[in-house]
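Trainee: Going line by line, the protein sequences match chains A and B.
Take the first sequence: its position 128, counted from the start at 1, is 1476 in this note's numbering, and no numbers get skipped.
Take the second sequence: its position 54, counted from the start at 1, is 63 in this note's numbering, and no numbers get skipped.
Please note that the accuracy of each hint is not assured.
Per the computed footprint, the stretches of chain B lying under chain A, defined by three or more beta-carbons under 8 Å from a beta-carbon of chain A, are [stated by the list, open to error]: (1) 113 to 120; (2) 123 to 131; (3) 137 to 144; (4) 150 to 160; (5) 183 to 196.
Ranges between beta-carbon positions, derived for each pair [as the list claims (entries may be wrong)]: (6) E1521/A <-> T197/B: 52 to 60 Å; (7) T16/B <-> A1502/A: 52 to 60 Å; (8) I274/B <-> A1502/A: 53 to 61 Å.
In short, the hints are calculated from the structure, not lab data.
Even glycine gets a Cβ: it sits at the ideal position worked out from N, Cα and C.
Each chain is listed here by its residues.
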Amino acid sequence: MARFALDEAAWSGPWRLRSTGEKALLSLGLLTVAATSRSLWVSLVVLAVAVSTALFAARVPKRTYALAVVGPMTFVAVGAIPIALTFGGQPTDVLASLGPVSLTSTGLYAAAAVAVRSAAAMAAMTLLAATTPMVDLLAGLRRLRVPEVLVDIAGLVYRMLFTLMDSVLAVREAQAARLGFVDGRTARRSMGLMAGSVLGRAWQRSRRLEEGLRGRGYAGSLRTLPRETVVSVPFMAVSGLIVTALAATSILFALRGVA
Amino acid sequence: MTHRTGTWEPTVGAVLVGEGLHAGYPGRGDVLDCAHVSVTGRSRLALLGENGSGKTTLLRCLSGAHVPDAGSVAVDGITLRHDNAGLRDHRQRVQLVLQDPDDQLFSADVRADVSFGPINLGLDDHEVRARVSEALELLDVVDLADRPVHQLSYGQRKRVAIAGAVAMRPQVILLDEPTAGLDPRAVTTLRAALDNLEARGTTVVVSTHDIDFAWEWADEVGVVVDGIVHQGSTVKIMTDEGLLRRAHLGVPWPVKLLRSLGHEIDVVDPPRTVADVARFLG
Chain A
1349 MARFALDEAA WSGPWRLRST GEKALLSLGL LTVAATSRSL WVSLVVLAVA VSTALFAARV
1409 PKRTYALAVV GPMTFVAVGA IPIALTFGGQ PTDVLASLGP VSLTSTGLYA AAAVAVRSAA
1469 AMAAMTLLAA TTPMVDLLAG LRRLRVPEVL VDIAGLVYRM LFTLMDSVLA VREAQAARLG
1529 FVDGRTARRS MGLMAGSVLG RAWQRSRRLE EGLRGRGYAG SLRTLPRETV VSVPFMAVSG
1589 LIVTALAATS ILFALRGVA
Chain B
10 MTHRTGTWEP TVGAVLVGEG LHAGYPGRGD VLDCAHVSVT GRSRLALLGE NGSGKTTLLR
70 CLSGAHVPDA GSVAVDGITL RHDNAGLRDH RQRVQLVLQD PDDQLFSADV RADVSFGPIN
130 LGLDDHEVRA RVSEALELLD VVDLADRPVH QLSYGQRKRV AIAGAVAMRP QVILLDEPTA
190 GLDPRAVTTL RAALDNLEAR GTTVVVSTHD IDFAWEWADE VGVVVDGIVH QGSTVKIMTD
250 EGLLRRAHLG VPWPVKLLRS LGHEIDVVDP PRTVADVARF LG
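Based on the sequences and whatever the hints tell you, model everything.
Mentor: In structure tokens, the structure reads:
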């Protein structure tokens, strides 16, 4: 079967059996502080808390965690470049310049603030994603009264992703064995044929799945038994304390004008 | 034997009966052409036939998943109606497990998937949990309950798919090619699970290509060939070389071996396993 590292970490990690509410309180709390704080220092602390919690408390494999954040961080880094640079004008705090483009200390600080804030928010979200399997997140959304049809579709997409990936890998392997990727032209042709084949298979599978579900009494809802979990009061208390302390610090810094 | 013409009577004690079934698909013509089959309570029935012979179509007709062009299906004497109420009632008594478990497993969580059927029966959470636990135990997949479906082996997924049907507590469970794609160890585990189901009173019907499995396991065999079902005791049907040849099926290895050594097959207590054959040969 196809494997996704972040999904595997969520299923196999020590926080797998923690209630979704506990993990959501910590992760979403940190995310909120990171997204609303104007202080670079508070964002740095949120980043440090989220990363160290994921790596040391939830024991998410370092490589998995790094790979999960490196993609989005590349976008953040690219997006921060124009913030750091000033075009034209006569800035007073120039660190370096090339023609009309200057790198100023103000711009650099603003870019760093955006990048660190984004990184902190991302680290907080990754903490939740790397410790909570999708089925638990969907069960949580169901409890929050998110429309059932949306939760059902998300659940099916998640489940089918793996069977579809298996089909893609099998077809690709079969094509590669018959030199289907020997050059650019054959690779493009093979990819097109694979897309057609996999879409056809997905369609047929969806028909058979519907039949299988109807056999078990499907009548429009994919409701299943939610997992029973016990909420840990100490965990909630510590999480609440961390988030409250960071939020209070952020507000205090904002009131005192600390950047 | 079952014939296309003439009268046909289901066997005494039949719980599930398919009578005069005609079914086909566009471009393929009739796959079933007046097929009769009867499933006796607590008896093991194996349906044999080559690819495309109509085994799966027959199971789909018996489960209510396929509406036959003609003929009827009845469970406990109640004729299946293909409206919502009729199908709902039928599916509480008869469950079909498809060949590919991925056609049945929609949830990423094993326990959640098995709970789907009982929830649809409108049972309360306590009863649903009890049924899920029972099904997981019967299929020996308790240790997989909190594992994600996509991380299970093919054999494990097959047993979880069966557990999903078993949780409905049907009288009859129809298994389409349950041993296909399984290694010998997984087949042994599956057979133990089938024994558990029977011990609990569920009647099991299996469609298979595996003639040795059918010889060893089944009390009755139905060979699907030319759109009809030739049904009878395992010994009677599986020693009929003419029928098996017509159905492009082989002869079970004990039959082949003993006949090649010049022995007759005991129709009352035939040797089914290696140990039986060894004992027979003394």
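Trainee: Each of the hints needs a verdict: does it hold here or not?
Mentor: A quick look at each hint next to the structure:
1. Look at the stretch 113 to 120 of chain B against chain A: 7 of its residues bring a Cβ nearer than 8 Å to a Cβ of that chain, three or more, so the hint holds.
2. With a threshold of 8 Å between beta carbons, the proposed coverage of the stretch 123 to 131 of chain B by chain A holds, since 6 of its residues qualify and at least three are required.
3. For the stretch 137 to 144 of chain B, the stated coverage by chain A holds: 3 residues have a C-beta nearer than 8 Å to a C-beta of that chain, and at least 3 were required.
4. Counting residues of the stretch 150 to 160 of chain B whose CB lies closer than 8 Å to any CB of chain A gives 6, so the stated coverage by that chain holds, three being the minimum.
5. Look at the stretch 183 to 196 of chain B against chain A: 0 of its residues bring a Cβ nearer than 8 Å to a Cβ of that chain, fewer than three, so the hint is violated.
6. Distance hint for E1521/A and T197/B: a CB-CB separation of about 30 Å, inconsistent with the stated range 52 to 60 Å.
7. Here the CB-CB span from T16/B to A1502/A is close to 55 Å, well matched to the stated 52 to 60 Å.
8. At roughly 57 Å, the beta carbons of I274/B and A1502/A sit within the given window of 53 to 61 Å.
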